[in-house]
Amino acid sequence: MDHRPQAWGRPRDDVYGAYDASFMQNNAPTAHTQQPIVTGTSVVAIKFKDGVVIAADNLASYGSLARFTDVKRLRPFANASVVGFSGDISDMQYLDRHLTDLALAEAYDSPDSARLSASNLHRYLSKLLYRRRSKFDPLWNHLLVAGLDDQGAPFLAAADLLGTTYSSPSLATGFGAMLAQPVMRRYAPDEESAAKLTREEAVNVIKECMKVLFYRDARSLDSYSLAVVTKDGVEMKENEKLEDQSWAFAERIKGYGTQTV
Amino acid sequence: MFSQNPVMNGPNYSFSDTPRTKGEPREHRFNPYTDNGGSTLAIAGADFTIMAGDTRHTSGYSINSRMAPKVFKIGGSNSSQDDATIVLSVCGFAADGAALRDQLDTICKIYRYRHGKPMTLNACAKRLSTILYGKRFFPYYVTAMLGGLDEEGKGAVYSYDPVGSYEREQCRAGGAAGSLIMPFLDNQVNFKNQYVPGSGEGHDLKERERHPLSRSQVETIIKDAFDGAVERHIEVGDALQMLIITKDGIEESILPMKQD
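For the record, the sequence lines run as chains A and B.
Numbering follows full-length UniProt numbering, in which position 172 of the first sequence is assigned residue number 172; successive positions increment by one, without gaps.
Numbering follows full-length UniProt numbering, in which position 194 of the second sequence is assigned residue number 194; successive positions increment by one, without gaps.
Hint data in this document are derived by calculation from the structure and do not stem from the laboratory.
Worth double-checking, as some hints may not be accurate.
What the hints assert, rightly or not - Keeping only pairs whose Cα atoms sit at most 35 Å apart, straight-line, the calculated DSBU-like set for lysine-lysine is:
1) 127/A with 135/B
2) 72/A with 49/A
3) 207/A with 258/B
4) 135/A with 258/B
5) 231/A with 254/A
6) 223/B with 196/A
Unchecked claim - Partial selection, computed: residues in chain A whose CB lies under 10 Å from chain B:
7) 129
8) 177
9) 189
Computed from a predicted structure; not experimentally measured.
Even for Gly, the Cβ is constructed at its ideal location relative to N, Cα and C.
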């Protein structure tokens with residue numbers, strides 16, 4: 001027996017050969033998320049008179065490969081708010097675990113009703129993101145936080161990997177900011193018109209936006225999650241399908257110019 | 001017998017476990033800054049100061065929000081800031097702007113708690129400079145301006161560069177359309193290149209005498225300056241927020257502007 005405790009439990013060289021440490025040796029600096037790898041595309045959301053509607057499709061892309069088709073990117077928090085994630089999926093999962101811990105800790109102090117409103121949650125997440133960008137180790141996400149603020153009014157705000165925050169009657173991340181925002185702004189150009197929207201109108205606007213995005217965003221999917229947040233809590237539907245797509249016109253299109261058959 | 005013996009051959013575990021020292025260089029491609037557009041403007045009068053800014057928040061060609069104020073009350077005794085006497089405006093990278101605002105506000109609140117009185121504008125201006133210089137080698141990417149009344153009750157504006165150089169001024173425009181607004185202010189507030197009519201030719205011309213402007217005149221100049229900027233700069237628009245600081249407190253007004 002070897003009397004040196006440092007050697008105990010190590011494979012013997014005379015039996016197994018010397019261990020080739022170069023397989024595991026990593027001399028590179030610790031790798032932070034330097035670019036997103038598996039990504040989620042747009043999140044869209046709009047305020048209405050009693051709350052907020054938010055939606056995101058169920059796809060996680062690996063570059064241009066539609067790799068994971070059942071990834072839920074809306075996360076309810078304490079049955080009072082919803083966080084919608086776009087950007088890197090591993091960072092989303094990290095934040096999801098982080099929020100689970102936070103919800104647990106909060107539930108000890110206030111088990112019956114949510115203590116953190118959506119505006120509190122948004123501030124927390126934006127500080128977290130800003131801290132990480134200041135450490136040059138960003139969480140590569142763009143999030144929307146939907147719910148109610150401390151006064152019980154509908155709340156919707158965004159935070160991105162740089163810690164930038166902003167709020168608006170309707171919000172969208174990524175491709176949605178170009179394609180869905182113009183559609184939503186027709187219905188809710190300002191806070192007053194958003195406060196007149198009914199729940200049904202808001203849901204229809206969001207469904208329309210998801211359809212526009214599926215038509216024109218090459219990283220999107222036709223199955224999506226949709227959540228409605230009101231003072232009564234979060235109603236989440238995770239396996240919605242796009243309806244009434246219009247493709248019939250395509251039969252009449254032939255060639256790229258002069259071709260007629 | 002054991003070539004991997006940690007004591008005999010030095011550090012040779014199969015995984016890299018060397019502790020990282022603080023400040024060790026790392027390689028990254030991540031850019032921590034961006035520009036969120038917008039413009040700010042501050043003018044000091046005889047017994048008032050007006051701080052103004054548009055409320056548009058952009059990234060690239062997109063409008064993120066049409067109502068994202070960049071002029072803030074600072075150092076009130078509570079979160080509603082209704083007894084504040086100092087106003088801060090930040091323009092540039094909005095996340096740094098918000099961080100700077102939060103930090104200065106906290107410092108002013110702590111000052112009030114420790115000394116039992118609000119911070120003077122002069123003291124706050126110096127403190128803001130040191131906050132900015134504290135991040136000399138990873139700056140807050142903002143043009144900040146501080147406005148209020150000095151110890152004699154006169155209007156005062158302090159303007160800053162991103163690393164804390166500052167100066168007290170009569171008027172200053174900052175942000176995306178700063179270069180469009182500033183020459184207009186030189187002419188309309190400080191009467192630069194204006195001469196008394198009929199006072200002669202060439203070197204005989206007498207400069208028009210400077211006098212402090214009235215509040216309504218200043219408000220008109222600000223509105224006109226922003227209307228001009230909205231026409232000519234794509235990152236400026238949506239609404240004009242004005243905070244008017246007088247000895248009676250701070251009034252806020254929000255006027256609509258073109259949204260295109």
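Verification of the hints:
1. 127/A with 135/B: holds, 18 Å
2. 72/A with 49/A: OK: residue 72/A and residue 49/A at ~26 Å, within 35 Å.
3. 207/A with 258/B: holds, 30 Å
4. 135/A with 258/B: violated, 39 Å
5. 231/A with 254/A: Distance ~52 Å between residue 231/A and residue 254/A Cα, so the pair is violated.
6. 223/B with 196/A: holds, 31 Å
7. 129: holds, 8 Å
8. 177: holds, 5 Å
9. 189: holds, 8 Å
When the structure is compared with the earlier hints, violations turn up for hints 4 and 5 and for no others.
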